[in-house]
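Each protein sequence line maps, in turn, to chains A and B. Following our numbering, the numbering of the first sequence begins with 1 at its first residue and continues without gaps. Following our numbering, the numbering of the second sequence begins with 1 at its first residue and continues without gaps.
Misleading hints may appear alongside valid ones.
Said to hold, decoys possible - Partial list, derived from the structure: chain B residues whose beta carbon lies under 10 Å from chain A: (1) R56; (2) P65; (3) P67; (4) F68; (5) G69; (6) Y72; (7) P289; (8) P331; (9) H333; (10) G358; (11) G372; (12) M373; (13) A377; (14) L416.
Unchecked claim - Chain B is faced by these chain A residues, among others (derived, beta-carbon under 7 Å): (15) T32; (16) A39; (17) P42; (18) N46; (19) G77.
Treat the hints as calculated values from the structure; they're not laboratory data. Glycine is no exception: its CB is placed at the ideal position from the N, C-alpha and C atoms.
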Amino acid sequence: MLARAVASAAVIVTLAAAGGAAAQTANQPPDTMAARVEACTPCHGNQGEGTNDVYFPRLAGKPAGYLYNQLIAFKNGRRKYPPMNYLLEFLPDPYLQQMADYFADQHPALPPVAASDASKEVLQHGQSLVSRGDPQRQVPACGSCHGPALTGMEPGIPGLLGLRPNYISAQLGAWRYGTRTATAPDCMQQVAARLTEEDVTAVAAWLASRPAPVNIAPAPKGTYVLPFACGSEPD
Amino acid sequence: MRSCSPILAVWLLLFAGSSAEAQPKPGPDGHSLVARGEYLARAGDCIACHTAPEGRTFAGGRAMPTPFGTLYSSNITPDRDTGIGKWTAEDFYKAMHYGRFPDGGLMYPAMPFASYTKVTRADTEAIFAYLKSIPAVSQRNREHDLRFPYSNRQLILGWRTLYFSEGEFKPDPTKSAEWNRGAYLVEGLGHCGMCHSPINALGGTSQSEAFKGGLIPMQNWYAPSLTSNREAGLGDWSIKDITDLLQTGVSMRGVVYGPMAEVVHNSLQYLNDEDTRAMAVYLKSIAEPSPPSPASSRLPTTESSLLISLGKTVYDKHCASCHGTQGEGKPPHWPPLANNQSIEMQSAVNPIRMVLNGGYPPGTKGNPMPYGMPPFAGLLSDNEIAAVVSYIRTAWGNRGTPISAREANELRSAPLN
Numbered sequence: 001m002l003a004r005a006v007a008s009a010a011v012i013v014t015l016a017a018a019g020g021a022a023a024q025t026a027n028q029p030p031d032t033m034a035a036r037v038e039a040c041t042p043c044h045g046n047q048g049e050g051t052n053d054v055y056f057p058r059l060a061g062k063p064a065g066y067l068y069n070q071l072i073a074f075k076n077g078r079r080k081y082p083p084m085n086y087l088l089e090f091l092p093d094p095y096l097q098q099m100a101d102y103f104a105d106q107h108p109a110l111p112p113v114a115a116s117d118a119s120k121e122v123l124q125h126g127q128s129l130v131s132r133g134d135p136q137r138q139v140p141a142c143g144s145c146h147g148p149a150l151t152g153m154e155p156g157i158p159g160l161l162g163l164r165p166n167y168i169s170a171q172l173g174a175w176r177y178g179t180r181t182a183t184a185p186d187c188m189q190q191v192a193a194r195l196t197e198e199d200v201t202a203v204a205a206w207l208a209s210r211p212a213p214v215n216i217a218p219a220p221k222g223t224y225v226l227p228f229a230c231g232s233e234p235d
Numbered sequence: 001m002r003s004c005s006p007i008l009a010v011w012l013l014l015f016a017g018s019s020a021e022a023q024p025k026p027g028p029d030g031h032s033l034v035a036r037g038e039y040l041a042r043a044g045d046c047i048a049c050h051t052a053p054e055g056r057t058f059a060g061g062r063a064m065p066t067p068f069g070t071l072y073s074s075n076i077t078p079d080r081d082t083g084i085g086k087w088t089a090e091d092f093y094k095a096m097h098y099g100r101f102p103d104g105g106l107m108y109p110a111m112p113f114a115s116y117t118k119v120t121r122a123d124t125e126a127i128f129a130y131l132k133s134i135p136a137v138s139q140r141n142r143e144h145d146l147r148f149p150y151s152n153r154q155l156i157l158g159w160r161t162l163y164f165s166e167g168e169f170k171p172d173p174t175k176s177a178e179w180n181r182g183a184y185l186v187e188g189l190g191h192c193g194m195c196h197s198p199i200n201a202l203g204g205t206s207q208s209e210a211f212k213g214g215l216i217p218m219q220n221w222y223a224p225s226l227t228s229n230r231e232a233g234l235g236d237w238s239i240k241d242i243t244d245l246l247q248t249g250v251s252m253r254g255v256v257y258g259p260m261a262e263v264v265h266n267s268l269q270y271l272n273d274e275d276t277r278a279m280a281v282y283l284k285s286i287a288e289p290s291p292p293s294p295a296s297s298r299l300p301t302t303e304s305s306l307l308i309s310l311g312k313t314v315y316d317k318h319c320a321s322c323h324g325t326q327g328e329g330k331p332p333h334w335p336p337l338a339n340n341q342s343i344e345m346q347s348a349v350n351p352i353r354m355v356l357n358g359g360y361p362p363g364t365k366g367n368p369m370p371y372g373m374p375p376f377a378g379l380l381s382d383n384e385i386a387a388v389v390s391y392i393r394t395a396w397g398n399r400g401t402p403i404s405a406r407e408a409n410e411l412r413s414a415p416l417n
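Between the sequences and the hints, there should be enough to build the whole structure, so can you do that?
Below you can see the structure in the form of structure tokens.
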């Protein structure tokens, strides 16, 4: 008897809910990518703009192909950061592509440039490596791949602006120690291997001191030719 | 655990299976035998152990940490020198059924032969036909790295006497064909008992303890009892909720995560509706009604009431947006926490790890774009973690017990893969 009473009450509630379409969906999370990436946003910001943690990178506006390559690398353990390796382990590749597309489409403003405590000499050394490289040590100019305005190129080369110096140094270090690898030929590994500690500090400091350009969108695919081949940017 | 897209891998295998280099098919029935073998290999989740991350499918080399050292799985592709290319069907049956190599040597029970012994000869032969049809990969098996005395395989004899009883599955004539099919899959190929049984110091599970739940060594996940309704016993679940959980990884009652996400991702999602239903029918039937737990907390009451009130504050701030102020969730994607067995169990390992590490249920055919939960390890202190876990274990009529900050702290270092 009691069970019947409960059951009929339930029918009434269901009918009431069916009355409004909104009530139907109210019982489900929003059918959006924003809701699906809520597991990511405490670390990367609601729009992928980054957070206060200097090691947590901005994702917004980076080329979708680049972001996808990173998600695959984390999933397969080629790039290591255990909390992310764990989250992505059982997610299908097409879904990772959608996550990449989602963050590539976000366009929050770049953070204001933080004051740098690096010396003038250090900043000059950084600027010179980024724009001219060091032909004697066979270090190519970073801009030759990352673009004259350092905004990157579709599909696989990220821009270098809006990143904090700690993050840039950590990534260059990760390439040197083998905890970050990209699809072969891993050109960034070859570049990072030629840099000294001083070079790394200098490029990180100078890049982080640059104001945002008017247009931060990555250049279209094939806008310029790379100095040597990169697996992440097939031609 | 697996790396490249499993669906792509299946296609590659099917494609390679039909290429000229493949082994000649045994008889006109060949193709369906191979296809059946592939299906059964899925049910046995061979891929989870026999493929290394970013490694070639079934080429082995996957490291398996155990309390006794590290084991490396074998190459089971048909390569003649480094795989099982020279094996006969009889050799293969001996491995699956008796846990012995062709020369009679003993296998470590990390290869779940203690469950696979229940598999019929016909099914074993189908799996063998399938394995013979996949591309051969030349990759030498890596030596196990076990501490003395465990490196001595003769010790396995002792384990076998205690925990191994050889024998194919015997149907229970008093039960339906569906029930028997479910029992066959769960006890045999599914090797569910390998995790869902208390693991004793020797790394074995005893028959009488089968499916009673246990902490998985090295991984620090608790595989709940499948027979107790206070744990993951499914006695009061509907068949639909059980099949949803097994096939898609999410359900109106709860979700899978950790090692169970791997099982659904690599194995269970590929089983057909009939087999999934059969497993559900069997699982529902083995759940025993259990007496209500004696709610005994190790924490003094004043301490736990402080914890729980802090826990409510943390919950309302960080969790309620998804799991609801009353723990009702928005199932199946944001699971309910009220009346959710998996957080009320005596062992609080799983809810603590869930809060520390967050997670996504596995992406499956039935749920290709799962919703996720953020990790809170970096956002909450040990005390806040203990507080919120204590709160969800005791709020809304849940019958769990509070936990201490030390328990939360200890799991911060649990391995993530």
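We went through each hint and held it up to the structure:
1. A least Cβ separation of about 13 Å between R56(B) and chain A goes past the 10 Å threshold, and the interface hint is therefore violated.
2. Because the closest C-beta pair between P65(B) and chain A is about 15 Å apart, greater than 10 Å, the hint is violated.
3. With its C-beta approaching chain A no nearer than about 22 Å, P67(B) sits outside the 10 Å limit, and its interface hint is violated.
4. Given the 10 Å rule on beta carbons, the hint for F68(B) is violated: about 24 Å separates it from the nearest Cβ of chain A.
5. The beta carbon of G69(B) comes no nearer than 22 Å to any beta carbon in chain A, farther than 10 Å, and the hint placing it at the interface is violated.
6. A distance limit of 10 Å between C-beta atoms decides the matter here; for Y72(B) the minimum to chain A is near 17 Å, and the interface restraint is violated.
7. The closest approach between the C-beta of P289(B) and any C-beta of chain A is roughly 19 Å, which is over the 10 Å cut-off, so the hint fails.
8. Here the hint on P331(B) is kept, as its CB sits about 8 Å from the closest CB of chain A, short of 10 Å.
9. The interface hint given for H333(B) holds, since its Cβ lies 5 Å from the closest Cβ of chain A, which is under the 10 Å cut-off.
10. This hint holds: G358(B) has a C-beta 6 Å from the nearest C-beta of chain A, less than the 10 Å allowed.
11. A distance limit of 10 Å between C-beta atoms decides the matter here; for G372(B) the minimum to chain A is near 3 Å, and the interface restraint holds.
12. A hinted interface residue such as M373(B) counts as satisfied when its beta carbon comes closer than 10 Å to some beta carbon of chain A; here the least separation is about 6 Å, so the hint holds.
13. The closest approach between the C-beta of A377(B) and any C-beta of chain A is roughly 7 Å, which is under the 10 Å cut-off, so the hint is satisfied.
14. Checking L416(B) against chain A: minimum C-beta separation of about 4 Å stays under 10 Å; hint holds.
15. Annotation: interface hint on T32(A) violated; nearest CB of chain B at approximately 10 Å, more than 7 Å.
16. Given hint, A39(A) at the interface with chain B, holds; its Cβ is 3 Å from that chain's nearest Cβ, closer than 7 Å.
17. With a cut of 7 Å, the hint placing P42(A) at the interface with chain B holds, because the nearest CB-to-CB distance is about 5 Å.
18. The beta carbon of N46(A) comes no nearer than 12 Å to any beta carbon in chain B, farther than 7 Å, and the hint placing it at the interface is violated.
19. Annotation: interface hint on G77(A) holds; nearest CB of chain B at approximately 5 Å, less than 7 Å.
Checked against the numbered hints given earlier, the structure breaks hints 1, 2, 3, 4, 5, 6, 7, 15 and 18 and satisfies all the rest.
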